[in-house]
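Respectively, the protein sequence lines represent chains E and R.
Per the working numbering, the very first residue in the first sequence carries number 1; after that it's consecutive.
Per the working numbering, the very first residue in the second sequence carries number 1; after that it's consecutive.
Quick caveat, the hints were computed from the structure, so don't treat them as lab data.
A quick note: this is a predicted structure, and the numbers were derived from the prediction, not measured.
Ideal Cβ positions, reconstructed from N, Cα and C, are used throughout, including at glycine.
Each hint should be verified, as a subset may be incorrect.
Between beta-carbon pairs, the in silico distance windows are [said to hold, decoys possible]:
# : chain 1 : residue 1 : chain 2 : residue 2 : range
1 : R       : Asp135    : E       : Ile280    : 53 to 59 Å
2 : R       : Asp200    : E       : Thr89     : 30 to 36 Å
3 : R       : Ala82     : E       : Tyr121    : 29 to 35 Å
4 : E       : Pro267    : R       : Gly198    : 32 to 38 Å
5 : R       : Val282    : E       : Met195    : 37 to 43 Å
6 : E       : Asn228    : R       : Asp135    : 38 to 44 Å
7 : E       : Lys171    : R       : Asn277    : 27 to 33 Å
8 : R       : Gln127    : E       : Ile280    : 18 to 24 Å
9 : E       : Ile280    : R       : Ala15     : 44 to 50 Å
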Amino acid sequence: MELFGVPLQALLSQLLLGLVNGSFYAILSLGLAVIFGLLNVINFSHGALYMMGAFVTWMGLNYFGLNYWVMLIASPMVVGIFGILIERTMLHRLYKLDPLYGFLLTFGITLMVEGLFRSFYGVSGQPYPVPDALSGAFNLGFMILPKYRAWVVFASLAVCLATWFVIEKTKLGAYLRAGTENPKLVEAFGINVPMMVMLTYGFGVALAAFAGVLAAPVVQVSPLMGSNLIIVVFAVVVIGGMGSILGAIVTGLGLGVIEGFTRVFYPEASATVVFIIMAIVLAIRPAGLFGKEK
Amino acid sequence: MNRNIVNKKTGYLIALIVALLAPFVAYPVFLMKALCFALFACAFNLLIGFTGLLSFGHAAFLGSAGYVAGYALRSWGLPFEAGVLLGTAAGAAIGWIIGMLAIRRQGIYFAMITLALAQMLYFVCLQAPFTGGEDGLQGVPRGKLLGVLDLSSDLTMYYTVLAIFIGGFALIVRAVHSPFGQVLKAVRENEPRAVSLGYDTDKYKLLAFVLSAALSALAGATKTVVLGFETLTDVHWTMSGMVILMTLVGGLGTLVGPIVGAFIIVSLENKLGDLGNWLADVTTIEWFRTLGESVTIVTGFIFIVCVLAFRRGIVGEMQALFKRIQGNAGALKEAGS
């Protein structure tokens, strides 16, 4: 069976790959948006922390014999604590300054973290096996669906929707949204805002690490895996705008799918298509698809 | 006030004499490379320091100009001046396109957009046939200046680069002190206010962006001619980060800061291996010997230190110190009378 002159099987598998990449875009841009909302900092180190999430998973297996499922919880926690340390020791000194300084600080952290991993592990990727329960594939008749890829899309969507639910529908989320609007007033109501800021950063970073764990078996675990991704995620954030959580999820997935299709029809542009879309969106609707112009 | 101007003039004069004598003391190719980066950093500073726009994509202008100039000189056999001018024009044109898109958003978004568009250009350079991909563009000839002076002599080349640098720097100084520069400062301090005063701030921002891109491109084209090759390093985002670091170390928004910063960072890159060996000898931690290959760790560390504790940069701190001393002296005089 063919569609637009491309075998359906190839088209669908690229679509799935696009959804997998889109899931990573969605989780990472969600984390960026949550952090930006409360801290007013664009966390450049998000990509490096995603890489760390994958590396901690790899280390867990190779040094301590901890399997994938343990690391799925442990790795975001380890990286989350690392994030909290960054927030407590460095970031919190910059809140009163121009947000550009936060961007530059996290850029410096990115360089250091990446450089350190590179000096110990080199640039070549480390393979990570797919966990036994998820190896193999479903045969759906019209396509072969690798179980692990299906799991990545499912797990990311679940985490994104859970985050959306917590922020939009629970009391904790209400505090968070109030803190985004007016931190001074929220503090006056007796809520420990600095604590909330710290935990928010830790949570956003843990989301990045979670994406890293999911990515470990599909991409090679390498020190450079984060920095190329984060720039695409910035473009995703510019396209979607950071005002809406569901907007971030939809934009991330959608762009992943578009990228997948581009890889089928015009592979030369697959690395640049997201940036081209960003340029078009900026020309037509500068505030982004889901953004509000302040 | 008057004495200040005289001081400044003697300062520039001393700097000029040092620059003229420098190639007899230091390695000319190193000096030329540092001068190119100094011009690059000064051009970048025109945006961040005097207009308040953080561009995270300046490597795009440096690198694309390098490729265009290198290709024109090597494959078309254009003379030196035409090649450099063509590279500069190409960088300015790319700056105009990126600038048009980026100024549609403010603040932190501006940084993300410039970064993303520059990354797009990186992928274009990676895939385009004329850049040589991963190998880069090799064997760019230096040619002759005005068809007469042979630039393959390092000394002739050095004075040419110095002249280009002084020309670029003078243009920046002139722009900053002109009415145009004052409007840019107004945009930096309070953009809505500048708009309400009747200035079309978008036009001024775009003009500043294109000027900065063109001067970065001039630096990039010159650098390619000096070194004789151009690689993907110059269009990569780490290069955009490097120019931010140079400006930050030297002092954001000071005229000479970026020059100081560029010389420090370029020397550091050159000497990092020796520094690492020395540290390994002193501390007996063998890992330091690999420091030469881990430039990013050190640059990342400097970034963090600068942002946390040293935001005014070297020249900015010195100016602040100078003002404090002068202030104290003034206060003493007043108390005395």
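The hints, checked one at a time:
1. Taking 53 to 59 Å as the suggested C-beta distance range, the pair Asp135 (chain R) and Ile280 (chain E) does not conform, at roughly 33 Å.
2. Taking the beta carbon of each, Asp200 (chain R) and Thr89 (chain E) are about 44 Å apart, not inside 30 to 36 Å as hinted.
3. The hinted range of 29 to 35 Å is not satisfied by Ala82 (chain R) and Tyr121 (chain E), whose Cβ atoms lie roughly 47 Å apart.
4. Roughly 50 Å separates the CB atoms of Pro267 (chain E) and Gly198 (chain R), a value that falls outside the hinted 32 to 38 Å.
5. Separation of Val282 (chain R) from Met195 (chain E) is about 42 Å and conforms to the stated range, judged on CB atoms against 37 to 43 Å.
6. Our hint of 38 to 44 Å for Asn228 (chain E) and Asp135 (chain R) is violated, since their Cβ atoms are close to 20 Å apart.
7. For the pair Lys171 (chain E) and Asn277 (chain R), the beta carbons lie near 58 Å from each other, so the given range of 27 to 33 Å is not met.
8. Evaluation of the 18 to 24 Å hint for Gln127 (chain R) and Ile280 (chain E) yields a pass: the beta carbon distance comes to about 20 Å.
9. A beta carbon spacing of about 47 Å between Ile280 (chain E) and Ala15 (chain R) agrees with the range 44 to 50 Å that was offered as a hint.
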